[in-house]
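Protein chains: 2
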Amino acid sequence: MGEFELIDRFFKRPVQRNALGVGDDCALLAPAQGMQLAVSCDMLVEGRHFFPDVNPFTLGHKALAVNLSDLAACGARPLAFTLALALPRADAAWLEPFSRGLLALADAHGCELVGGDTTRGPRTICITVFGEVPAGQALLRSGARAGDDLWVSGTLGDARIALEVLRGTLQAPAAVFDAARVRLEQPTPRVGLGQALRGLATAAIDVSDGLLGDLGHILRQSGVGATVETVLAMELIAYGGHSTGAAGQLSAEVQLECVLAGGDDYELAFTAPAAQRAAVQAAAAEAGTRVTRIGRIEAEPGLRLVDAQGAPLQRRYASFDHFA
Amino acid sequence: MGEFELIDRFFKRPVQRNALGVGDDCALLAPAQGMQLAVSCDMLVEGRHFFPDVNPFTLGHKALAVNLSDLAACGARPLAFTLALALPRADAAWLEPFSRGLLALADAHGCELVGGDTTRGPRTICITVFGEVPAGQALLRSGARAGDDLWVSGTLGDARIALEVLRGTLQAPAAVFDAARVRLEQPTPRVGLGQALRGLATAAIDVSDGLLGDLGHILRQSGVGATVETVLAMELIAYGGHSTGAAGQLSAEVQLECVLAGGDDYELAFTAPAAQRAAVQAAAAEAGTRVTRIGRIEAEPGLRLVDAQGAPLQRRYASFDHFA
Numbered sequence: 001m002g003e004f005e006l007i008d009r010f011f012k013r014p015v016q017r018n019a020l021g022v023g024d025d026c027a028l029l030a031p032a033q034g035m036q037l038a039v040s041c042d043m044l045v046e047g048r049h050f051f052p053d054v055n056p057f058t059l060g061h062k063a064l065a066v067n068l069s070d071l072a073a074c075g076a077r078p079l080a081f082t083l084a085l086a087l088p089r090a091d092a093a094w095l096e097p098f099s100r101g102l103l104a105l106a107d108a109h110g111c112e113l114v115g116g117d118t119t120r121g122p123r124t125i126c127i128t129v130f131g132e133v134p135a136g137q138a139l140l141r142s143g144a145r146a147g148d149d150l151w152v153s154g155t156l157g158d159a160r161i162a163l164e165v166l167r168g169t170l171q172a173p174a175a176v177f178d179a180a181r182v183r184l185e186q187p188t189p190r191v192g193l194g195q196a197l198r199g200l201a202t203a204a205i206d207v208s209d210g211l212l213g214d215l216g217h218i219l220r221q222s223g224v225g226a227t228v229e230t231v232l233a234m235e236l237i238a239y240g241g242h243s244t245g246a247a248g249q250l251s252a253e254v255q256l257e258c259v260l261a262g263g264d265d266y267e268l269a270f271t272a273p274a275a276q277r278a279a280v281q282a283a284a285a286e287a288g289t290r291v292t293r294i295g296r297i298e299a300e301p302g303l304r305l306v307d308a309q310g311a312p313l314q315r316r317y318a319s320f321d322h323f324a
Numbered sequence: 001m002g003e004f005e006l007i008d009r010f011f012k013r014p015v016q017r018n019a020l021g022v023g024d025d026c027a028l029l030a031p032a033q034g035m036q037l038a039v040s041c042d043m044l045v046e047g048r049h050f051f052p053d054v055n056p057f058t059l060g061h062k063a064l065a066v067n068l069s070d071l072a073a074c075g076a077r078p079l080a081f082t083l084a085l086a087l088p089r090a091d092a093a094w095l096e097p098f099s100r101g102l103l104a105l106a107d108a109h110g111c112e113l114v115g116g117d118t119t120r121g122p123r124t125i126c127i128t129v130f131g132e133v134p135a136g137q138a139l140l141r142s143g144a145r146a147g148d149d150l151w152v153s154g155t156l157g158d159a160r161i162a163l164e165v166l167r168g169t170l171q172a173p174a175a176v177f178d179a180a181r182v183r184l185e186q187p188t189p190r191v192g193l194g195q196a197l198r199g200l201a202t203a204a205i206d207v208s209d210g211l212l213g214d215l216g217h218i219l220r221q222s223g224v225g226a227t228v229e230t231v232l233a234m235e236l237i238a239y240g241g242h243s244t245g246a247a248g249q250l251s252a253e254v255q256l257e258c259v260l261a262g263g264d265d266y267e268l269a270f271t272a273p274a275a276q277r278a279a280v281q282a283a284a285a286e287a288g289t290r291v292t293r294i295g296r297i298e299a300e301p302g303l304r305l306v307d308a309q310g311a312p313l314q315r316r317y318a319s320f321d322h323f324a
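Protein chains in written order, with the working numbering: chain F, 1 to 324; chain R, 1 to 324.
Hints are supplied without guarantee of correctness; some may be wrong.
A pair counts as met if it fits within one copy or between any two copies, since identical chains are not told apart.
Once the Cα atoms are required to be at most 25 Å apart in a straight line, the calculated SDA-like pairs of lysine to any residue come out as [to be verified]:
1. 12 x 1
2. 12 x 177
3. 12 x 223
4. 12 x 200
5. 12 x 34
Hint data in this document are derived by calculation from the structure and do not stem from the laboratory.
Because the structure is a prediction, the values reported are computed rather than measured.
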């Protein structure tokens with residue numbers, strides 16, 4: 001199977017929004033009038049971001065999901081994406097489920113594959129995604145203000161629990177692992193919530209490297225600090241949204257670490273004025289996504305963790321850094 | 001050096017056109033009214049597209065140049081790009097010249113780095129580039145008509161000669177090799193010519209996999225055929241534009257093969273009505289790029305090569321296919 005047959009067979013679809021199909025030198029896109037184009041780019045490398053034996057269908061899903069999550073964090077509506085793919089060989093048994101998982105998520109969000117590149121090399125997936133957002137209305141990292149509530153969508157830590165079980169460093173009941181694994185391998189980008197938060201949230205980011213690290217970007221870029229209540233944060237762990245009553249199998253310390261610094265969650269962390277608390281809950285309900293208030297933004301720089309009694313926790317959590 | 005220091009140190013620049021700098025979840029772009037956004041994406045893999053010991057400065061140049069060449073083939077003006085970079089380690093001695101070569105070419109074309117991703121992995125560079133083109137005026141592959149002239153910009157084959165010398169399969173005088181190597185490692189995207197050809201060329205493509213193979217895309221997508229005169233095509237070889245008189249060192253057969261199927265040229269192959277011959281020459285002169293007429297488009301499908309006497313050549317040339 002050659003390069004062009006590979007593209008035709010697995011990635012060519014009827015043209016929708018894009019002025020050209022896959023296969024000219026460039027794709028052509030025209031955002032509607034008054035819209036800005038939001039652009040984000042992520043690269044996934046075998047052995048680093050996914051195991052060599054991961055299910056190709058879920059990998060296709062995840063490769064696009066992590067990019068859609070960036071659009072969600074900007075409040076943008078998905079439009080289109082490009083895919084660059086390096087593969088050791090043109091392997092139909094891998095490409096078929098990979099493209100199916102990728103395009104199923106793309107179709108669910110009306111996000112069209114408009115171009116890309118295929119080449120031989122160590123298995124690497126690079127997706128650049130395009131969304132549109134009304135000019136001036138994108139959610140940024142820089143808008144958090146003292147007094148704002150600090151919110152997180154969905155659940156945190158499940159992906160890390162699944163990863164540690166796969167690595168053999170943690171044990172969990174089968175039901176917990178199965179649910180957590182879905183969260184690791186098929187994260188749900190909060191695309192609807194991101195759009196619903198336009199005009200409400202003052203700042204937003206998607207949680208990919210761990211909550212505290214990603215929250216740090218909001219704090220630095222907004223010039224503020226925050227206090228996170230660990231009791232509230234612990235409400236974020238739910239083993240894929242299914243409460244199993246098996247929490248006792250993992251120590252509270254491990255659970256808290258997975259929530260605060262787990263990574264690979266693809267939830268939204270965002271800030272909104274306390275006066276908008278009901279509006280945030282209403283927007284989340286409309287988007288069908290649970291949101292949890294875990295703390296508040298403060299003028300004093302830095303990130304503080306406090307326990308149920310309001311006493312500070314000293315423990316430090318590392319954020320994921322690809323070169324640390 | 002961590003991931004964020006790496007980005008700050010080598011890739012962060014003052015924000016220009018982009019609504020946001022590098023470092024939010026998405027970059028925001030707004031093409032001017034009446035403009036379409038042209039998007040292209042290329043991935044370069046170490047050992048496949050470049051030698052591990054290649055000069056990082058020229059690699060930075062080439063990584064962007066091959067993408068700008070796709071914009072040129074659409075007649076688009078460069079606006080911005082994203083960069084995803086996998087590296088075995090955060091190596092300042094490599095990153096410094098790489099980013100310098102990359103950003104020098106970006107600056108020369110007013111093309112702003114607006115986002116990206118960095119990760120640990122086998123050295124891989126994925127760039128997605130954005131340009132703008134007036135709605136409906138993009139040069140496509142599908143517009144060639146019987147009777148059109150077939151043109152090629154600049155020179156062809158030099159890059160392949162340099163590659164074969166580096167591989168040890170070909171010998172060439174030092175002056176020839178030095179000039180050819182510049183063409184291999186620092187190709188010149190024909191960005192000005194592409195824009196000058198809007199409204200003149202009926203179809204265009206950039207020559208990256210070899211002239212005959214890339215020309216085949218125009219023919220298939222336009223539903224036409226072509227005859228190429230090998231005597232005219234031989235005018236395209238020039239060892240980097242410097243005639244050395246050393247052509248005798250390489251057989252005519254090798255030279256013709258490098259011209260017709262060399263690859264890595266990043267010249268434009270395009271078609272235009274014969275009545276526009278003078279206008280094409282004038283546009284090329286204005287863009288400062290030589291163009292050579294090498295044949296004509298015909299209604300009969302297929303690609304025919306003829307010698308000086310108009311007799312058909314039977315030889316077949318393979319186009320570069322990453323999975324063949």
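Tested hints:
{"no.": "1", "hint": "12 x 1", "result": "within (15 Å within a copy, 41 Å between copies)"}
{"no.": "2", "hint": "12 x 177", "result": "neither (36 Å within a copy, 40 Å between copies)"}
{"no.": "3", "hint": "12 x 223", "result": "between (46 Å within a copy, 19 Å between copies)"}
{"no.": "4", "hint": "12 x 200", "result": "neither (39 Å within a copy, 30 Å between copies)"}
{"no.": "5", "hint": "12 x 34", "result": "neither (30 Å within a copy, 28 Å between copies)"}
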